[in-house]
Amino acid sequence: MELNGVTIKDTFAEAFPIKAARLIVTARDEKWAMHAATAATGFATSVIACKIEAGIERNLTASETPDGRFGVSLLFFAVSGTELENQLQNRIGQCILTSPTSAVFSGIDEGKVVGIGKAIRYFGDGYQISKKFGTRRYWRIPVMDGEFVCEDVTHRVDAVAGGNFLIVATNVEAALFAAERAVAAIASLPDVITPFPGGVVRSGSKVGSKYKFMTASTNDAYCPTLRGLVESDLPSESQAVLEIVIDGLTEEAVANAMREGILAACTHGRKEGVIEITASNFGGKLGKHHFHLYKLLP
Amino acid sequence: MKPLTFTPTAEITKPVDLTALRPDNLTGMKITDIERIKIRNGSASELVGDLFAVSGDNPRDIVFDGARSSLECIGSGMKYGSIQVMGDAGALTGCQMSGGVITITGDAGNFCANSMRGGLIRIRGSCGDYLASGLPGSKFAMNNGCVIVNGNAGKRLADRMRRGLIIVHGDVGPGTCSAMIAGTVMLLGNSGGNLGVHMKRGSIICSESCDLPDDRFLGQPFEGKGFLALIQRYLEEIGEPLNLCEKLGSPRYRFIGDLSHGGMGEVISYRF
Numbered sequence: 014m015e016l017n018g019v020t021i022k023d024t025f026a027e028a029f030p031i032k033a034a035r036l037i038v039t040a041r042d043e044k045w046a047m048h049a050a051t052a053a054t055g056f057a058t059s060v061i062a063c064k065i066e067a068g069i070e071r072n073l074t075a076s077e078t079p080d081g082r083f084g085v086s087l088l089f090f091a092v093s094g095t096e097l098e099n100q101l102q103n104r105i106g107q108c109i110l111t112s113p114t115s116a117v118f119s120g121i122d123e124g125k126v127v128g129i130g131k132a133i134r135y136f137g138d139g140y141q142i143s144k145k146f147g148t149r150r151y152w153r154i155p156v157m158d159g160e161f162v163c164e165d166v167t168h169r170v171d172a173v174a175g176g177n178f179l180i181v182a183t184n185v186e187a188a189l190f191a192a193e194r195a196v197a198a199i200a201s202l203p204d205v206i207t208p209f210p211g212g213v214v215r216s217g218s219k220v221g222s223k224y225k226f227m228t229a230s231t232n233d234a235y236c237p238t239l240r241g242l243v244e245s246d247l248p249s250e251s252q253a254v255l256e257i258v259i260d261g262l263t264e265e266a267v268a269n270a271m272r273e274g275i276l277a278a279c280t281h282g283r284k285e286g287v288i289e290i291t292a293s294n295f296g297g298k299l300g301k302h303h304f305h306l307y308k309l310l311p
Numbered sequence: 716m717k718p719l720t721f722t723p724t725a726e727i728t729k730p731v732d733l734t735a736l737r738p739d740n741l742t743g744m745k746i747t748d749i750e751r752i753k754i755r756n757g758s759a760s761e762l763v764g765d766l767f768a769v770s771g772d773n774p775r776d777i778v779f780d781g782a783r784s785s786l787e788c789i790g791s792g793m794k795y796g797s798i799q800v801m802g803d804a805g806a807l808t809g810c811q812m813s814g815g816v817i818t819i820t821g822d823a824g825n826f827c828a829n830s831m832r833g834g835l836i837r838i839r840g841s842c843g844d845y846l847a848s849g850l851p852g853s854k855f856a857m858n859n860g861c862v863i864v865n866g867n868a869g870k871r872l873a874d875r876m877r878r879g880l881i882i883v884h885g886d887v888g889p890g891t892c893s894a895m896i897a898g899t900v901m902l903l904g905n906s907g908g909n910l911g912v913h914m915k916r917g918s919i920i921c922s923e924s925c926d927l928p929d930d931r932f933l934g935q936p937f938e939g940k941g942f943l944a945l946i947q948r949y950l951e952e953i954g955e956p957l958n959l960c961e962k963l964g965s966p967r968y969r970f971i972g973d974l975s976h977g978g979m980g981e982v983i984s985y986r987f
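Protein chains in written order, with the working numbering: chain X, 14 to 311; chain C, 716 to 987.
Read the hints as simulated data drawn from the structure, not as lab findings.
Being a predicted model, the structure only gives us computed values, none of them experimental.
Please note that a few of the clues may not be correct.
Taking lysine to any residue and the SDA-like style, the derived pairs with C-alpha atoms no more than 20 Å apart in a straight line are [to be verified]:
1. Lys-301(X) x Phe-25(X)
2. Lys-145(X) x Glu-951(C)
3. Lys-915(C) x Tyr-140(X)
Facing chain X, according to a computed beta carbon distance under 7 Å, are these residues of chain C, among others [unchecked claim]:
4. Arg-878
5. Leu-880
6. Phe-942
7. Ala-944
8. Leu-945
9. Arg-948
10. Tyr-949
11. Glu-952
We put the CB at the ideal spot given by N, CA and C, even for glycine.
Starting from the given sequences, assemble the full structure and let the hints guide the process.
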């Protein structure tokens, strides 16, 4: 299959089940909401070492947030409910509670309960105030700029992590240009994030290593400098490969994001240096979600 | 399905206890069975069919047509469903209810929503004394749910209230929120004397001037809009057409008290 002269390989991306939660962070203006959001989603690129993958889903207008202020929707993904709860509590406590004028609310109202405010409230040292309206409970915790408002609980749902595709290009500039377009296209979609820096990964990995203490190591088949030393999967004219990794709340959301991302990456086609689109998988042994590129694309 | 409708067939002058006529009690019953339920009429015991004409087939949706203040305990102990009172409701309406919605087009009597544990009561008219207070001997009063009064309310509203939300559009009597334990009370009219006396925790929001007891509250300027937006969010969820930002503007002062009871309560004033 070809798309604007770009070869689409007959392969699939392999994704795995994961637990996910959504938080809504608000603040007095966009600047401070983003400060809290970027801090809370920092060091959250891969569950391998960060224990969580997180990112900004989208910005929210005042009319879309519970307290009528500017907001940011954040998605968090972890391999277990316990780890997700621990990470959320730590990140709210250290990154959102500490950010001036911030407040945090649940972004998902169905699924298993994950405590957030019910743990953070103890920071109030007995001066915290509980407010329950309908079924929702909030905590008002006194802080030095007034009060930090935090919803008592959020909910987690079963989700999909590790959707991906690789952009094989003639050089780094061409690969980056295509990757940035792909990330921009995915950023406009609901229920998905691209957790890596700028949404792009340059250090794709394979399972295992020659070193026993390493569980994953560099994806040598796609490293241009190793061509000739290892069995390379790169076309001869390729000098750079970048990967887009996608986490989403549903399989449909990830599939949609992969499709839109690949189409955006191939917009200018081979004439701008994009040679091939492929995907990373582990022979079907890692995850139950398989996204076949041929089936995704029109 | 049509709402199960009760229409008085005779002049009811004595207090009638309607505790039994609530959705969770009547589900699965035929009209003939409902007509044979015994209820208290003053000191006597009478059949529902002797006092009311019963029609309709949906016990989850009950209507008391032509209601008057002698009909007491409407929706008392109710767990789910809806009750519409077309007219006035007597004492103890919604007492100890834990779910569902009661709508009263007229006024409600004393002890409405006493020891309420959940659900929603809308009173389009005014309400008597001891709204959302505790039953005699109980440690605390309203423990959850929401009461909205479009008119005025009497004395000792929310006495010993522990949780929930009360909004009164009109004026309230003296002793409002006395010994309040927690919860939120929004007063959009004038408040009577001794507001919040002996309150331990909880929030009172006053759009007009508030008459706090001397030396028991400590006030300071307050700018934050606080949790008002969260109340607005809930009001939108229950379909209540009240724009709090328009109605209240920005808060001016926040008092903490009752200082003789720990001082963890707050009175947020919008017109100090």
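Evaluated hints:
| no. | hint | verdict |
| --- | --- | --- |
| 1 | Lys-301(X) x Phe-25(X) | 12 Å, holds |
| 2 | Lys-145(X) x Glu-951(C) | 15 Å, holds |
| 3 | Lys-915(C) x Tyr-140(X) | 12 Å, holds |
| 4 | Arg-878 | 6 Å, holds |
| 5 | Leu-880 | 6 Å, holds |
| 6 | Phe-942 | 6 Å, holds |
| 7 | Ala-944 | 4 Å, holds |
| 8 | Leu-945 | 6 Å, holds |
| 9 | Arg-948 | 5 Å, holds |
| 10 | Tyr-949 | 4 Å, holds |
| 11 | Glu-952 | 6 Å, holds |
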